[in-house]
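Q: Below are the chains, spelled out letter by letter.
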Amino acid sequence: MSASSTLPGWLAEPAPVVIPERRSHRFLRKTLARLEHLTLALGPGGSARGRWDPRVKLVSALVVLVALALLHDPVLISAAGITLILLAARHRVAGSLAVVATPALLMTLVLVAPATLSAVRPGTVVVPLWPDGGMTAEGLRNAWIVLARVLACLTVAVLLTRTTSWLRLLAALRAVGAPAGFVLVATMAHRYLSVLADAFADLLLARRARSVGGATAAEDRHFVGAAVGALLGRSGDLAEEVHQAMVARGFSGRLRDPAPRPLAAVDLLLGLGCVAASALLLWGDVVVR
Amino acid sequence: MHIPDGYLSPQTCAVALAVAVPAIAVASSKVAREVRGRAIPRLAMLSAFSFLVMMFNLPVPDGTTAHAVGSVLIAVVLGLPAAVVATSVALLFQALVFGDGGVLAYGANVVNMALIMPLVGLAVFRLVAGGRDAPLPRRVIGAAVGGYAGIVAAGLAVGVQLGVQPALFHDAAGVPLYNPYPLSMTVPAMAFAHLVIAGPAEAVVSAAGYGFLARTGQLAEVSASHRSGMLGNPGLVSLGVLAVTLLLTPLGLIASGTAFGEWDVDQLAGQVGAVPAGLAQWSQWFTGAVLPDYGIVGVDPVAGYWLSALAGSLLVAGLTFGVCWLAGRLCRRAGMQVE
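Protein chains in written order, with the numbering used here: chain A, 1 to 289; chain B, 1001 to 1339.
It is worth saying that the hints were derived from the structure and are not from the lab.
Beyond 12 Å from chain B on every Cβ pair, some chain A residues (computed):
(1) I85
(2) L87
(3) A89
(4) R90
(5) R92
(6) P131
(7) A264
(8) L272
(9) C274
(10) A276
Here are some of the chain A residues that sit facing chain B, going by a computed Cβ distance under 10 Å:
(11) L35
(12) H37
(13) A69
(14) A115
(15) V120
(16) A152
(17) W166
(18) V185
(19) E241
(20) V242
What you are looking at is a predicted structure, and each value in this text was computed from that prediction instead of being measured. Positions of the beta carbon are idealized from the N, C-alpha and C atoms, including for glycine.
If we strip away everything but chain A, and leave its shape as in the complex, we get:
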């Protein structure tokens, strides 16, 4: 046997092949789920029209939010929160409230839970958990205040956004003094968000379809960077197309506000009612203290 016919060493004793750990695309699934949620939220069914004027709603919501932030008494904050939740149920937005509030409340609970313990914030122990320590009255009171306030504020935000169409809400922002350019950008961003979100979802789905066995963490990170860059490039292209369409329709760069509709008496009364309720809550808070 000639020397040339012998197997080379690297073939006779092959080195063990190291296969990098490949994981399923958990982050892709999570992002796709959030995109689906976004598409539903932006859909036409996502915002029922309320009867109130959106300007009154917006200002009333801000007044109520400030009042809630100024309240110190846990009983009053809880009462306000319950009233707002009942109002949300009456306007059939309790489902949206549950979707938005559940993660926020869970996160708040996790955050404030350690502050109820005497080891973190010393105080009068009311729930003993270990010798000479446990949950304190001060910690529980603070946790209750924060939780009730977060829930009440979220309820106000959900009531405002789910009972008003986006366009009317953004027009109301302009009516209360937000810069015209900012409102126009927000309006247009809302309009094209679903277009860009669809393009983004296509990108993620294509990636998922092309890597059945999952990918390594490094490959995933490489893909994320490229996807973000591609998305930025796509948003630039879309902006150019939209600008050309705007120019074709006669856009000259000048922004014009539509003439505001006069406020009805009932809207004014409802707004004043919200302000009065907020003032009553604050007065009650001062009396209780």
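On the provided structure of chain A, position chain B as indicated by the hints.
A: Okay, now just chain B, sitting in the frame of chain A:
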């Protein structure tokens, strides 16, 4: 990093909003001047991009996921004003669609993620990446370091805003009315989370996004209309400085005692038993301070501190504006690229 309603006092929210609103206004007009009629669709798409980037869960080394903000990438590619407006609009949607970040706390979130973050990130990028002619690997590294530094700075800002709440806003029994944790807990917690998890995520997004645009030849095209950098935006830079100084102001109310080496004559005499002759002579040389001991004669000490802090912050922001404006003019006169 998105602060929900209920964690910050209305006073804190009001101060943050007072910085955020002019920042958005200045940035909007700046972009409108730079790209003329293209500004509206471009900013709208960038806002949608920023919103989607914040939804993108990125795998991080510990097996979990984190999301980036993307404002440093926008600032690096398209400039600070574009980053401010795009991120502000994205934050507005997040607060209203997902309840991610509060409505009252919107100003604080804008200051952290739409102002401080791109400002710090862009400054670090310019420092690391050098000029426009620097090799691509260096610019990519600059984008990564800028993204990392930007999000860590924003995280620290959140830590300070949350941490000052229990000391400043509590009831008669000392029970905190808003966030319950003091600075000694919030700052390390936020620093750890952003140094270890969110920082790498933002670095990956900024570097890979920048690298992708450069490799595919889109960088020059996308940033063709963008001319100005830090010195070209004196209004935004000075507002960022104002935000940082206002953020640090409450720390003075919480700190107790006198800083090392800043004792007055009586305190020094009490500590060492005697006052050196030279110090006794020269310590009284100038007594005409406008706001002595950060207070105002006849005004409550805390109110005086706030007023003097506001005056000092406005002075520093004004000086920053003046220096940036002057430097920008000198650069333009010399025919240099304004960076």
